[in-house]
Each structure stands twice: as structure tokens, then as C-alpha cells.
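A.B. asks: Residues per chain, in single letters:
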Amino acid sequence: MRIVKIGLMAAGLASLSGCDQYPRDISGTGERIEETGRLRIGLIDGTDAVPAQPVLEQISAHYDATQSLSTGSAEHLIRDLDEQKLDVVVGEFAKASPLAKEVSFSHSIGVPEPADKKIPVLRLARKNGENGLILFTDRITTP
Amino acid sequence: MIHAGCIPEPVRQNLSKARPLAWWTLFWIGNVALLMYLAMGSSQAMKTAFIEDALSLVPSIVFLIATSLEGKPATKFYPFGFRRFNSLAFMVAATALLSIGAFTAFEATMTLVRMEHPTIGMVKLFGRELWLGWIMIAALAYSAVPPFILGRKKLPLAQELQDKILFTDAKTQKADWQTALAGIAGVAGIGFGFWWADAIAALAISLSILRDGWMNLKKAGAELADGLPRNLEHDRPDADAEHVRRRLAAEFPDADIRMREVGRYIEAEVSGVASPDSIDLARFAPQERRWRLDRITFVPLFANDRRPPPREEVGHQLGSGMPRHEMGQLNGNSVDRITAILKKADRRNLMIATAETNPDQFRIIDYFVSPVAQEAVEAGRER
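Going line by line, the protein sequences match chains A and B.
For the first sequence, counting from 1, position 125 maps to 116 in the working numbering; every step adds exactly one.
For the second sequence, counting from 1, position 12 maps to 14 in the working numbering; every step adds exactly one.
Don't take every hint at face value.
Stated by the list, open to error - Chain A stretches covered by chain B per the calculated footprint, using a threshold of three residues with CB under 8 angstroms from any CB of chain B:
{"#": "1", "segment": "60 to 66"}
{"#": "2", "segment": "71 to 82"}
{"#": "3", "segment": "117 to 124"}
Unchecked claim - Under the rule of at most 20 angstroms between Cα atoms (straight-line distance), these lysine to any residue pairs were calculated in the SDA-like manner:
{"#": "4", "chain 1": "A", "residue 1": "Lys108", "chain 2": "A", "residue 2": "Thr132"}
{"#": "5", "chain 1": "A", "residue 1": "Lys76", "chain 2": "B", "residue 2": "His119"}
{"#": "6", "chain 1": "B", "residue 1": "Lys49", "chain 2": "A", "residue 2": "Lys76"}
{"#": "7", "chain 1": "A", "residue 1": "Lys108", "chain 2": "B", "residue 2": "Gly123"}
{"#": "8", "chain 1": "A", "residue 1": "Lys76", "chain 2": "A", "residue 2": "Glu25"}
{"#": "9", "chain 1": "A", "residue 1": "Lys92", "chain 2": "B", "residue 2": "Ser101"}
{"#": "10", "chain 1": "B", "residue 1": "Lys49", "chain 2": "B", "residue 2": "Arg130"}
{"#": "11", "chain 1": "B", "residue 1": "Lys126", "chain 2": "A", "residue 2": "Glu93"}
{"#": "12", "chain 1": "A", "residue 1": "Lys92", "chain 2": "B", "residue 2": "Met117"}
{"#": "13", "chain 1": "A", "residue 1": "Lys86", "chain 2": "A", "residue 2": "Ser59"}
{"#": "14", "chain 1": "B", "residue 1": "Lys78", "chain 2": "B", "residue 2": "Leu66"}
{"#": "15", "chain 1": "A", "residue 1": "Lys92", "chain 2": "B", "residue 2": "Leu36"}
{"#": "16", "chain 1": "B", "residue 1": "Lys126", "chain 2": "A", "residue 2": "Lys76"}
{"#": "17", "chain 1": "B", "residue 1": "Lys49", "chain 2": "B", "residue 2": "Ile67"}
{"#": "18", "chain 1": "B", "residue 1": "Lys220", "chain 2": "A", "residue 2": "Lys86"}
{"#": "19", "chain 1": "B", "residue 1": "Lys126", "chain 2": "A", "residue 2": "Ala40"}
{"#": "20", "chain 1": "B", "residue 1": "Lys49", "chain 2": "B", "residue 2": "Pro158"}
{"#": "21", "chain 1": "A", "residue 1": "Lys92", "chain 2": "B", "residue 2": "Lys74"}
{"#": "22", "chain 1": "B", "residue 1": "Lys126", "chain 2": "A", "residue 2": "Tyr13"}
{"#": "23", "chain 1": "B", "residue 1": "Lys49", "chain 2": "B", "residue 2": "Ile9"}
{"#": "24", "chain 1": "A", "residue 1": "Lys86", "chain 2": "B", "residue 2": "Leu219"}
{"#": "25", "chain 1": "B", "residue 1": "Lys49", "chain 2": "B", "residue 2": "Glu131"}
{"#": "26", "chain 1": "B", "residue 1": "Lys126", "chain 2": "A", "residue 2": "Ser99"}
{"#": "27", "chain 1": "A", "residue 1": "Lys92", "chain 2": "B", "residue 2": "Glu118"}
{"#": "28", "chain 1": "A", "residue 1": "Lys92", "chain 2": "B", "residue 2": "Glu269"}
{"#": "29", "chain 1": "B", "residue 1": "Lys126", "chain 2": "A", "residue 2": "Pro134"}
{"#": "30", "chain 1": "A", "residue 1": "Lys108", "chain 2": "B", "residue 2": "Val125"}
{"#": "31", "chain 1": "A", "residue 1": "Lys86", "chain 2": "B", "residue 2": "Leu283"}
{"#": "32", "chain 1": "A", "residue 1": "Lys86", "chain 2": "B", "residue 2": "Ala104"}
{"#": "33", "chain 1": "A", "residue 1": "Lys92", "chain 2": "B", "residue 2": "Phe29"}
{"#": "34", "chain 1": "A", "residue 1": "Lys92", "chain 2": "B", "residue 2": "Leu59"}
{"#": "35", "chain 1": "B", "residue 1": "Lys49", "chain 2": "B", "residue 2": "Leu114"}
{"#": "36", "chain 1": "B", "residue 1": "Lys78", "chain 2": "B", "residue 2": "Ile63"}
{"#": "37", "chain 1": "B", "residue 1": "Lys126", "chain 2": "A", "residue 2": "Glu25"}
{"#": "38", "chain 1": "B", "residue 1": "Lys126", "chain 2": "A", "residue 2": "Thr133"}
{"#": "39", "chain 1": "A", "residue 1": "Lys92", "chain 2": "B", "residue 2": "Lys19"}
{"#": "40", "chain 1": "A", "residue 1": "Lys86", "chain 2": "A", "residue 2": "Ala40"}
Just so you know, the hints here were simulated from the structure itself, not pulled from any lab data.
It should be emphasised that the depicted structure is a prediction, and the values quoted were computed from it without experimental measurement.
The beta-carbon is built from N, C-alpha and C at its ideal position, and this holds for glycine as well.
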């Protein structure tokens, strides 16, 4: 009986691999973007966001949403991201940044990943646990 | 009596099956723990899994150590041999199991308290971009297989050998595969957007691990403190020990019989009767596992070779069968005082005495006093 249960569990998990909605966002960022049709982007002051534009366009196309941009300091925008006032933040972050515990950084955008983890490069910051959005943006930023 | 260092043949046969299982455990779980260590990076969940795996190696390690010492002959500094290392190893194994439970419970509780939203990103494998969650699930599934098989193989051997370390080891393996399944459920739950799934599953499993660990720790403590031999699975008296006690009580009805366990072996102590010239252990041992009864010790009645007066004389001296109101004073103590002392005195070290009381009569059957107890009685003190 236990083997049957384990088999059913495995089959259930295997069936999820073909599901578009899996993994889902814990705080529902992706669903909210789809519902409102608006991708809220935070741009850290002084960041050259041009290399990130194709990535942002792919995200908005994926969710069938238009972009809305707001600018500010890194501290301010990261807080807004955590409070779900923003969906992604664009800025220059080092992989070894102290912020890495608070948010999830994408791969580097426009430049190869630097060997030195302390060098800041252009990245997307995403709210922790938004695994659907994180997986999608990881895929489109992977070199 | 089986001499220290000699392992009975049935035990030797089962140990030859159990020890390779312990080595396989070290290989497989060590292998999984090493993979976890290499893959953990900064992931707290993977660190937890690594620590749990590392801790789950402990019972197998101490089992191998204890069983290798069990067959060693007694030495000048270990005149009773090395069998009690089994009890010590049991304590270590039980502590490891309890630690796994406590650690899992702590981590799960902290995740719930902090409301951490675990992030599981992407990994590129063989040119394909995969959700890291699938890799985690595969790794956890892999890590569940060896403990599932090894634990099930160890359990019947632990019963046969009456080996509490091996039993705890099997429980640890159970904890391992259950934790891995809980981890799978947790990662799958995170995929559904349930951030608490991982922690709730781990917390539920940790309660069962904690219960097993605590029960084993209590039994290990009892064994080291010469407590009554306990059942392998439950905190109840051991059936084999009870069998021995019944047989000894039938043979020596006036004796005080005490039992203890040294590793897998039962030792009985009979006091209050003269030691027979020879005794056949097999008559008292359980039929199925004669090897369990290792020794019967007869304890001399009197310290410093103080022999008791004949029973009649004692009765005469102390008023055997006298009505309570006629007892009056005894050695300057009231009857109630003597009764209190008799009840409270340690029968082995201070006083060996049996007494009967009823509402009408106070009848002392035997009254044998060690020097210390005699002082206590004379001084009217309760020792």
C-alpha cells in the first residue's frame, strides 16, 4: 500500500513537470501581473538600463503586460520590492552583495558573469520565493 | 557464566550479518552526506540535510566500535570485559537520534517563525535549463533509498540480537528516509506556492524522531544506571528478564532478585539466600535465547561476616508474634519507630530485614542488622 502511495506521489510530481504554472510564485507576483496587465519595474538611480530592455520586454510579453517604471535609491526600491509594490528591480548588484539574502538576483545582463563576486553588474532583483518569475527570468538571462 | 570476551555463537552469527550492514550504511549515507556537503553552497536547507546525514552516521559508527570491543577478553584495567561499552554506545546513538529530531524541529520552527519564502531557481544540466526543485527532489529521492533498505534489513537483526544500538540505528535510518520524503513533499509544496510546506512536513516528521530519540535515551539511561532490562521497542520490562526473574523466584522464594542489563546480556543478582555449590544457567534462561542470561550472582547476606542469630532466637528477642500492645519498647525505640526504620532502611547495605504488620500484631520475622543499621536503630535514627 505504501509503495502505491509513493508511486502515486511520483506520478503526481512527474505530471507537474509539464505544467506551465509550476513552480508558482509564493506571493503571487506572476498572477498579479497577468491580472492587472502591468509589470512594475524599479530602476535604481544612475543605472544604464538599456542592456536590460530586451529582458524586460520578454517578461512583459510573457505575462502579456505593459511596463510601468519608477526610479529611486536601491534601498528604497528593494523595500518596495519586498512589500510587493514592485515586481522587479533593475540595478547594478554584486553577486556577493549583502542584499542577496533579502532578494534573488538574476544572472548578469549584457556582460559575462564576473569571476570576482564583489564586482557589481547589471542584474534583476526579484522578491524571494517568487519561483515562477525567478525561473522564467533566470532562463532568459542565462548566457 | 559466559566469560567476558566470549561471544555466544547465535550472537556471533547475527553480528556477522549486522556489521556489514553498518559498513554499508557508512558508505551510502557517507556518500549522500558528502554530496550534500559539496552541493550545499549557501543553502540553509541543504546545510540542514548535511548535518542530519552526518549525525545519522553516528549510530552505525558506535555500533561497529561496541561490537568490535564486545569480543575482547577482560584486561587488568577492564576486569569485567568490554560489554558495557554497548550500553555506552547505545546512549551515544540515542543522543544522536534525539539531536536529529531536535535539529529538524528547530530549523522547521525557525522557518515558520521567520516566514521565510524559499527561493528555488534554475540550474543548467546537460545543456537543459531545469528548475532546481526537480534536482532537489531527485537528490532527496536518491538519499531516501539506502536508509529505507538498510533500516528494514537491520530491524529483524536488532530484534534477534537484542541490540539497542542497531535498533536505534534502524530508527535513525527510518528518520532519514522519512525526512527525505518530507523534503520532497516540501519542495513540491514550495512549487505550488506553499512556503510553509517544507517546514510543516519537517516539523511533523521531527516529532516522531524526537519521540523515538527520547524513548531510547531514557532506556539508555536506565541501562547505564542498572535499571530493570527494558523491552527493545517499548519502555516496558523485558520479557526475557521477566522469565529469568520468575524462574529464579520459583527456585529461591525467599531471595531478593534483581536484574540488570549489560549490553545485550542479562545479569541477575540473588540475595538473601545461601549460594548453591553450582548452578545451571540454562535452567533459568529463556528457551529461545539462552545466551541472554549471562550470569547469576549470589550476594552474601552479611557484611563483615556477621552471622544472624537463629530464627527462633530472633523471634524470641524481638517478640515475634507478640501482640502489638505487648511489644512496648525495643532497644529504647517505640514499635512505630522500629517499623519506620525497617521500612525505610536500605535492605542491602543497612539492614536485611523482613517484617509483617497488620492492625493487631507487629511480627518481626527476621531482624538482621549491619553495624551501621544497628547504630541507627539504637540511636533511633532513620537511615
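A.B. asks: All hints, please: hold or fail.
C.D. replies: Tested hints:
{"no.": "1", "hint": "60 to 66", "in the structure": "violated (count 0)"}
{"no.": "2", "hint": "71 to 82", "in the structure": "violated (count 0)"}
{"no.": "3", "hint": "117 to 124", "in the structure": "holds (count 5)"}
{"no.": "4", "hint": "Lys108/A / Thr132/A", "in the structure": "holds, 17 angstroms"}
{"no.": "5", "hint": "Lys76/A / His119/B", "in the structure": "holds, 17 angstroms"}
{"no.": "6", "hint": "Lys49/B / Lys76/A", "in the structure": "violated, 32 angstroms"}
{"no.": "7", "hint": "Lys108/A / Gly123/B", "in the structure": "holds, 18 angstroms"}
{"no.": "8", "hint": "Lys76/A / Glu25/A", "in the structure": "holds, 15 angstroms"}
{"no.": "9", "hint": "Lys92/A / Ser101/B", "in the structure": "violated, 28 angstroms"}
{"no.": "10", "hint": "Lys49/B / Arg130/B", "in the structure": "violated, 26 angstroms"}
{"no.": "11", "hint": "Lys126/B / Glu93/A", "in the structure": "violated, 24 angstroms"}
{"no.": "12", "hint": "Lys92/A / Met117/B", "in the structure": "holds, 14 angstroms"}
{"no.": "13", "hint": "Lys86/A / Ser59/A", "in the structure": "violated, 26 angstroms"}
{"no.": "14", "hint": "Lys78/B / Leu66/B", "in the structure": "violated, 24 angstroms"}
{"no.": "15", "hint": "Lys92/A / Leu36/B", "in the structure": "violated, 25 angstroms"}
{"no.": "16", "hint": "Lys126/B / Lys76/A", "in the structure": "violated, 31 angstroms"}
{"no.": "17", "hint": "Lys49/B / Ile67/B", "in the structure": "violated, 28 angstroms"}
{"no.": "18", "hint": "Lys220/B / Lys86/A", "in the structure": "violated, 49 angstroms"}
{"no.": "19", "hint": "Lys126/B / Ala40/A", "in the structure": "violated, 26 angstroms"}
{"no.": "20", "hint": "Lys49/B / Pro158/B", "in the structure": "violated, 32 angstroms"}
{"no.": "21", "hint": "Lys92/A / Lys74/B", "in the structure": "violated, 54 angstroms"}
{"no.": "22", "hint": "Lys126/B / Tyr13/A", "in the structure": "holds, 18 angstroms"}
{"no.": "23", "hint": "Lys49/B / Ile9/B", "in the structure": "violated, 41 angstroms"}
{"no.": "24", "hint": "Lys86/A / Leu219/B", "in the structure": "violated, 45 angstroms"}
{"no.": "25", "hint": "Lys49/B / Glu131/B", "in the structure": "violated, 24 angstroms"}
{"no.": "26", "hint": "Lys126/B / Ser99/A", "in the structure": "holds, 15 angstroms"}
{"no.": "27", "hint": "Lys92/A / Glu118/B", "in the structure": "holds, 11 angstroms"}
{"no.": "28", "hint": "Lys92/A / Glu269/B", "in the structure": "violated, 58 angstroms"}
{"no.": "29", "hint": "Lys126/B / Pro134/A", "in the structure": "holds, 11 angstroms"}
{"no.": "30", "hint": "Lys108/A / Val125/B", "in the structure": "holds, 18 angstroms"}
{"no.": "31", "hint": "Lys86/A / Leu283/B", "in the structure": "violated, 72 angstroms"}
{"no.": "32", "hint": "Lys86/A / Ala104/B", "in the structure": "violated, 33 angstroms"}
{"no.": "33", "hint": "Lys92/A / Phe29/B", "in the structure": "violated, 35 angstroms"}
{"no.": "34", "hint": "Lys92/A / Leu59/B", "in the structure": "violated, 31 angstroms"}
{"no.": "35", "hint": "Lys49/B / Leu114/B", "in the structure": "holds, 17 angstroms"}
{"no.": "36", "hint": "Lys78/B / Ile63/B", "in the structure": "violated, 26 angstroms"}
{"no.": "37", "hint": "Lys126/B / Glu25/A", "in the structure": "violated, 27 angstroms"}
{"no.": "38", "hint": "Lys126/B / Thr133/A", "in the structure": "holds, 9 angstroms"}
{"no.": "39", "hint": "Lys92/A / Lys19/B", "in the structure": "violated, 48 angstroms"}
{"no.": "40", "hint": "Lys86/A / Ala40/A", "in the structure": "holds, 18 angstroms"}
The earlier numbered hints that this structure contradicts are 1, 2, 6, 9, 10, 11, 13, 14, 15, 16, 17, 18, 19, 20, 21, 23, 24, 25, 28, 31, 32, 33, 34, 36, 37, 39.
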